[in-house]
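Asker: Given next are the chains, with one letter for each unit.
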Amino acid sequence: MKRRHLLAAGGTLALAGLVRPAHAAWTPSRPIEFVAHNGPGSGPDVFARALISAIEQDRIFSGRIQVANRVGGGGATAMNYMMERRGDAHVVGIWTSLWMSLPLVQAEARSLVTEMTAIARVAIEPAVIIVRGDSPYRSLADFVEAARARPGQVRQSGGSPTARDALVRQLLMAHTGARWAFISFPSGGERMSALLGGHVDMMVAEPAEIREQVRAGRLRILATATATRLPLLPDVPTLAEAGFPIADVIQARGLLAPPGIPEEAVAFYGDLFRRMSEGPAWAKYVEDNQLQSAFLSPADTAAFFRSYQGQLRDILQAGGVRVVR
Amino acid sequence: METLAALGQGFAVALQPENLLWCLLGCFLGTIVGVLPGLGPAATIALLLPLTFGMDPTGGIIMLAGIYFGAKYGGSTTSILLNIPGEASSVVTCLDGYQMARKGRGGAALGIAAIASFVAGTFGIVALTLLAPPIAEFALSFSSPEYFALMVLGLSLVVVLGGSSLIKALLALLVGLWLTSIGTDLFTSQSRFTFGSSFLLGGIDFMIVAVGLFAIAGVLESIRAREETTALPVPNRLRELMPSWAELKACRFAFLNGSVVGFIVGVLPGAGSAIASFIAYGVEKTVSRHPEKFGTGVPEGVAAPEGANNADSGGAMVPLLTLGIPGGGSTAILLSALIVWGVKPGPLMMTESPEVFWGLIASLYIGSVMLLVMNLPLVPLFAQILRIPVYVLFPLIFGLALVGAFGVSDNPMNLLLLAGFGLLGYVMVQFGFPPAPLILGFVLGDAMERAVRQSLTMSLGDPAILVERPLSAVMLALAALVLVSPLIGRLLRRRRAGVAV
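Here the protein sequences come in this chain order: P and C. Just remember that the numbering used here sits 14 ahead of the position in the first sequence, which is counted from 1. Just remember that the numbering used here sits 460 ahead of the position in the second sequence, which is counted from 1.
Don't take every hint at face value.
[What the hints assert, rightly or not] Pulled from the structure, derived: some chain P residues nowhere near chain C, Cβ distances all over 12 Å: (1) A39; (2) A64; (3) R73; (4) E129; (5) V250; (6) T252; (7) E277; (8) D285; (9) S307; (10) G324; (11) A332.
[To be verified] Simulated coverage check for chain P against chain C, where a stretch passes if three residues somewhere in it have a Cβ under 8 Å from a Cβ of chain C: (12) 52-63; (13) 86-92; (14) 99-105; (15) 158-170.
In short, the hints are calculated from the structure, not lab data. We put the beta carbon where it would ideally sit given N, CA and C, even for glycine.
My request is simple: use the sequences and hints to build the entire structure.
Answerer: Have a look at this one:
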């Protein structure tokens, strides 16, 4: 296995150096299908449409791309579909962290991203740790102290145990020894209402969804759950700067293809999304939505899948969540 | 006074010819989307969003809000005429709306739905205009124990929704509670009752259950009973296609009830418009002088839920515009549209972009009038659908039900589930089990379970949290009152009979 990878890598290098034009041999012969695992208007669907519009605006690719919503199974239907379309290079799936966490905890979800063809990682969704504007916690250390003093009585609102907010909590609790409650809500709106209403004390949110409430003084940002400071929040410390050097839990988005597609097609898509991620339309989208552009090549994306899944498995197991794979 | 002046400015914006045109287009598209089952307002807004990027933000927002309001308006049409809920929020409208249509009052039911939508929808917008900031704070005071109590109050309505047998209604409710627990558990990320199927990890879609139990089962039952081999009765005279004064008078309380219940439930981010319409229907039946007639085609049974699901739209705009919090799928996509245009919904929107804020609100008033003007003339037209002979009508209903199932997703598993729920509904009718309690359990069960588990995590396992907070205590007391109301009614009647003797 390893040797084949090396050979392939060597071959790619040789091709790149010597016979470059032959490399871009594959081009789509019919419309490309972007598979989103949820319905129109949902996160992955909106993201798929944003990618298409960035590709069109910057004239990266002139062929037709359409969104296909493969809804069901909490994402499993779309993942199964990618496996079923083995060898079909005209199908591209929009992956999110869910695509990696779902098979880890659900025995029924048998389609693994590590068995599909990695194409690219394009964006990272940064996170910030927030409290109410009138909260007594001026820093993350204040919050952790309060949780240590009253175990279980300080609360965080969030999503499911496999979501990023839960993972950050697990790492913080393991690092500090403090314990606080995690209250699951199905939607971001409900999480935010619980925080604004004073029913919980802390939340891990995306910068775009809290910008206005912070500006109005109803919320306060304690730290960013990122490796480096965010350009739009230059005064907010990272977790490490705030005194909590825990591992960075990346929530990313990108693209993948069914297993067994031609090498040339992988190269075509890798090149397409690299050029897209360097264009002005993408830069504007990333800025508007407070994301981080984070392109990874197909080979690096495959490595990212493996390392992320490993990290996720370790955190979940340490947190007592049943892991099936 | 300040509000009125600002609103006047808003009207000046919204009444510009080009914005009026966008409003009209939005209302028109929304009505169509509402009529078609399966395709909801959230999906439509998402699909049209890219087209509006080139537009002036105010016009774009006005059009999208028109779609959002219009879809709720149009949802009742197929509920009444074909027993197919066009949107999740119009399931309850099927109960009496379809029965009215079978009695030849289909046009009247459509008219009442349109008028109730207008009255309650406008009430919701007025409340939004005058009360938005304080009522948003009220919504924030609602925590998990309050949501739990609200869901219990909703579930207690099973005693009024059920037919002759309370036991059968409760059994149907339990089946609904079980069905809604299928899927992935939010709190543990573990699967429940999926029987090894990855498809069921996402749970069963509400539309599939509702369309199967109402539309498919209804057709099967009609075929078995061989009741109408000719078309349903449709009056010829235009006057008889519209609601009569007596029918409208019977709906007086329903208009108010639907308005208030719909708005309050709409403001809460953790409750949906389906819940609002169920509660309004339950309240209507509880206070009615002839509760036994509900389900046989009474106009109040259409007016209350239709009003509620339209007042809900105004309510849902409150947390969106004042706090930047979306309460559901449609408002979430509206929020992302607003952000794309550089409008930032949140606590500062009212002061920083008053022209967009008030322009949007003014356009809601205009949209509400437009929808009424557009929908009332359509009533006689839509009512003609019932003239179609059954050998065309039944396949049409099946076809629309399939479209609805495909609208949810193009997974063939959904078609199997649809057929399964159709058969289940048919069997239930044969054995005298009412389908409405099952739907009630399905809609509320999930939210109630979540609220209980959230509350218990907050209280470190102490169940007292569910009853000790004043708002939840009041709602639980009301639920208890509803639960014993049939008993009280029976006692009162017995005493009255005794006096007469």
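Asker: Is the nearest CB of chain C more than 12 Å from the CB of A332 of chain P?
Answerer: Holds, because the least Cβ-Cβ distance between A332 of chain P and chain C comes to about 15 Å, which exceeds 12 Å.
Asker: When I compare C-beta atoms, does the segment 86-92 of chain P have three or more residues closer than 8 Å to chain C?
Answerer: With 6 residues close enough to chain C, the hint holds.
Asker: Take a quick look at V250 of chain P and tell me if its Cβ sits farther than 12 Å from every Cβ on chain C, holds or violated.
Answerer: holds (19 Å)
Asker: Does the claim that R73 of chain P lies off the interface hold, with its Cβ farther than 12 Å from every Cβ of chain C?
Answerer: holds (17 Å)
Asker: Determine whether the non-interface label on A39 of chain P survives the test: each CB of chain C must be over 12 Å from its CB.
Answerer: holds (32 Å)
Asker: When you look at the beta carbon of E277 of chain P, is every beta carbon of chain C farther off than 12 Å?
Answerer: At about 30 Å from chain C, E277 of chain P clears the 12 Å cut-off, so the statement holds.
Asker: Far enough from chain C: is every CB of that chain over 12 Å from the CB of D285 of chain P?
Answerer: Check passes; 25 Å lies beyond 12 Å.
Asker: Hey, does T252 of chain P actually stay past 12 Å from chain C on C-beta?
Answerer: holds (25 Å)
Asker: How does the coverage statement for the segment 158-170 of chain P fare against chain C, requiring three or more residues with Cβ below 8 Å from a Cβ of that chain?
Answerer: Coverage by chain C holds here, the residue count being 3 at a Cβ distance below 8 Å.
Asker: Is it the case that S307 of chain P keeps its Cβ farther than 12 Å from each residue Cβ in chain C?
Answerer: holds (18 Å)
Asker: Within the assertion that chain C covers the segment 99-105 of chain P, do at least three residues meet a Cβ-to-Cβ distance smaller than 8 Å?
Answerer: violated (count 0)
Asker: Examine the segment 52-63 of chain P for residues whose CB is less than 8 Å from any CB of chain C, and state whether their number is three or more.
Answerer: Answer holds; 7 residues pass the 8 Å Cβ test.
Of the numbered hints listed earlier, those contradicted by the structure are 2 and 14.
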